[in-house]
Amino acid sequence: MDMKANKKKLGLKEKYAHMTRGLDWETTYQPKDKVFPQATFEGIKVHDWDKWEDPFRLTMDAYWKYQAEKERKLYAVLDAFAQNNGHLGITDARYLSAVKLFLTGISPLEYMAHRGFAAAGRNFPGVGPRVACLMQSIDEVRHAQTQIHALSNYNKFYEGFHAGASHQIERLWYLSVPKSFFDDAFSAGPFEWMIAIGFSFEYVLTNLLFVPFMSGAAYNGDMATVTFGFSAQSDEARHMTLGLECIKFMLEQDPDNLPIVQKWIDKWAWRGIRVLSLVSTMMDYMLPKRVMSWKEAWEIYFEQNGGALFNDLAKYGIKVPDCIAQCTVDKEHQSHQLWLTLCTHSHAMGLHTWLPDAEEMDWLSAKYPNTFDKYYRPRFDELRERADKGERFFANTLPMLCQVCQIPMLFTEPDDPTKICYRESEFQGEKYHTCSDGCKHIFDDEPEKYIQAWLPVYQLYQGNCWPEGTDPTAEGFNPVAKYLEWCHIDAKDTGDYEGSSDQANFAAWRGAATQNT
Amino acid sequence: MAVTALYDYQYPAADTQDKFHGNQLLFVGWDDHFLFVAPLAFSVSPNTKFSDLVEKNLTFAYGRHADWAKVDFSKAVWLKSGQPFQPDFNKTLAEQGIKHKDALRLQTPGLNGNGTCF
Amino acid sequence: MSTVFIAFQTNEDTRPIVESILADNPHAVLDEQPAMVKINAEGSLVIKRESIEERIGRDFDLQELQVNLITLSGYLDEDDDQLTLAWKN
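Chains as they are written, first to last, in the working numbering: chain A, 1 to 517; chain B, 1 to 118; chain C, 1 to 89.
Some clues are possibly wrong.
Chain A stretches covered by chain C per the calculated footprint, using a threshold of three residues with CB under 8 Å from any CB of chain C [claimed, not checked]: (1) 50-61; (2) 65-77; (3) 250-261.
Straight-line C-alpha distance at most 20 Å; calculated SDA-like pairs for lysine to any residue [what the hints assert, rightly or not]: (4) A/Lys419 / C/Asp80; (5) A/Lys15 / C/Asp77; (6) C/Lys88 / A/Leu251; (7) B/Lys99 / A/Gln459; (8) A/Lys13 / C/Lys38; (9) A/Lys419 / A/Pro378; (10) C/Lys38 / A/Ile300; (11) C/Lys38 / A/Met292; (12) B/Lys99 / A/Met292; (13) C/Lys88 / A/Asn311; (14) A/Lys419 / B/Trp68; (15) A/Lys15 / C/Asp80; (16) A/Lys449 / B/Gln17; (17) B/Lys19 / A/Glu426.
Since the hints were derived computationally from the structure, they do not count as laboratory data.
Beta carbons: idealized from backbone N, C-alpha and C, even for Gly.
Please put together the full structure from these sequences, using the hints given.
Pasting the structure below:
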């Protein structure tokens with residue numbers, strides 16, 4: 001890299017002041033509150049927008065320069081990947097399930113984040129946050145584009161990469177989980193959006209997604225994902241800083257903001273934790289070569305790092321969210337409960353699952369000495385026994401879903417991992433079910449919002465999830481098959497990895513790459 | 001608490017019974033059998049006799065577990081919304097007050113997948 | 001005291017940066033992971049422009065760190081000469 005620093009230019013602090021202040025004007029023919037209609041309704045009081053400062057002091061000129069540099073690096077690697085059969089460098093094509101989950105579940109969120117930050121930037125009356133939100137909005141659309149672009153190299157060779165952003169994010173049952181998370185945030189006001197995405201997701205949780213994931217991708221030979229991942233992550237550091245700045249700003253502006261901010265932190269910590277629980281399966285089960293367990297990543301990036309943050313926020317009166325106690329229990333169980341769910345439902349998913357082999361189960365025992373052998377090994381043994389008899393088990397009836405996180409009601413009671421956690425609320429004469437105290441609390445606080453949830457299982461039963469022209473009264477009508485057709489899922493995309501075309505193709509092509517016949 | 005909004009925030013619920021073409025949603029979970037990872041969702045007529053629910057819907061789903069054939073329904077414990085509930089097998093769902101989106105929980109003491117809860 | 005950290009991609013651009021950080025922060029601990037190098041430090045961590053310039057033999061703008069940065073933790077403050085990460089409690 002050869003970027004000469006010129007000392008004659010303005011210093012960083014001066015440049016930041018010039019390029020993020022005084023850009024505004026006072027309105028004349030419209031009152032200010034008509035121009036910024038979303039600035040006050042959430043109850044957040046702001047007295048001096050100029051107190052908002054981006055600690056990186058990044059200005060638009062520098063932003064373009066460094067983003068261009070990142071893009072050049074990324075696309076050089078993607079060319080090399082495409083030219084050199086990079087897809088054969090991965091440890092095992094099983095690994096691609098993690099990438100498929102990322103492409104279908106995370107990349108569309110990047111696009112939604114792009115829209116959300118554009119809207120937040122539009123709605124904040126202060127120039128500092130507007131510039132920061134503008135940059136983040138551009139970052140997010142770059143992430144969506146580079147992810148789809150990088151992974152299109154896999155789409156040339158493997159199943160399940162073809163329709164994530166175009167059709168599946170709005171239709172597929174497990175993708176409604178991340179989608180509803182962002183819908184929830186985007187339909188709130190700009191300040192809640194900043195706490196939801198800027199703070200909870202970006203600051204508290206994004207490390208759990210990107211850092212171990214990308215390190216895992218590197219460990220498993222996936223050059224394309226590592227490159228877009230780290231390229232995106234280099235922006236995340238700035239986003240995290242913005243999220244933290246934002247919360248500090250709200251808390252310092254007015255003491256009345258504290259209870260509102262606390263409520264949002266409690267809500268969005270739990271919403272984020274539930275969404276990210278899908279990542280736990282990736283770390284513990286989907287990576288053929290594992291970097292660290294979900295529990296270890298949780299301890300480093302959530303307990304230690306989040307702990308440091310909450311220690312610091314204590315001076316403003318912020319308390320650690322109540323849900324943390326539940327998380328300490330869940331970290332021992334979550335990945336196993338979720339992987340068992342995916343394993344028994346992948347006949348209706350756009351990616352493959354598999355039962356862990358003996359060596360993998362020993363790794364899991366070592367990483368989860370308190371829970372794996374006691375609760376989960378016998379379950380995998382039973383599934384293996386059925387599979388060996390040619391009866392690989394897939395559920396034949398759709399599951400009940402949580403009204404808030406939209407995950408099947410698979411989570412267990414805080415004090416008993418052998419009992420499903422059922423929570424129930426009533427609103428306007430209708431029953432609503434949630435998977436945990438955390439989700440019930442969120443429902444009870446804003447029932448008007450969550451009663452509208454688009455819950456895939458119930459939508460399917462209402463007949464809303466079939467291709468146009470489908471006749472559900474026809475002879476031999478198969479609702480799940482029609483549902484998958486509607487989701488643009490082909491039979492080749494689904495089921496166990498064992499016997500899949502991904503498995504066969506990867507073996508054949510890798511063989512061809514190392515032999516002359 | 002109501003939603004904090006710029007306007008009167010009122011939207012219809014997505015899953016009211018009128019949208020299920022004469023059926024109702026019914027949730028059933030079988031404790032200690034995690035082969036079925038979560039309680040199941042059924043779309044059934046309110047005129048379904050409880051015995052039909054058990055023999056058709058539940059048996060279709062749960063019959064693949066060896067314990068299902070061993071369930072003694074005279075001793076089984078049912079919960080509805082977490083409270084003890086004594087179903088009448090000869091009555092329909094509607095006749096015994098099993099409403100749209102009720103969650104039933106079946107407990108079969110002694111049966112737990114040979115101690116694995118699976 | 002809480003830990004702050006900063007992580008970079010492992011590459012030739014970041015090698016002299018990491019060396020500088022470790023030299024300027026004797027309490028910092030290096031944690032090398034696949035494709036990533038993470039530096040953990042109790043309380044605070046400082047990155048000095050001059051130390052990096054000494055090692056690379058050219059002028060360096062601290063904002064160049066953006067290109068290879070992966071993640072960080074702690075409150076950040078950046079000016080022309082140094083970038084600090086710290087927990088204020």
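Each hint tested on the structure:
no.	hint	in the structure
1	50-61	holds (count 4)
2	65-77	holds (count 4)
3	250-261	violated (count 0)
4	A/Lys419 / C/Asp80	violated (57 Å)
5	A/Lys15 / C/Asp77	holds (15 Å)
6	C/Lys88 / A/Leu251	holds (15 Å)
7	B/Lys99 / A/Gln459	holds (18 Å)
8	A/Lys13 / C/Lys38	violated (28 Å)
9	A/Lys419 / A/Pro378	holds (16 Å)
10	C/Lys38 / A/Ile300	holds (12 Å)
11	C/Lys38 / A/Met292	holds (15 Å)
12	B/Lys99 / A/Met292	violated (47 Å)
13	C/Lys88 / A/Asn311	holds (10 Å)
14	A/Lys419 / B/Trp68	holds (18 Å)
15	A/Lys15 / C/Asp80	holds (11 Å)
16	A/Lys449 / B/Gln17	holds (19 Å)
17	B/Lys19 / A/Glu426	holds (19 Å)
Violated hints for the displayed structure, listed by number in ascending order: 3, 4, 8 and 12.
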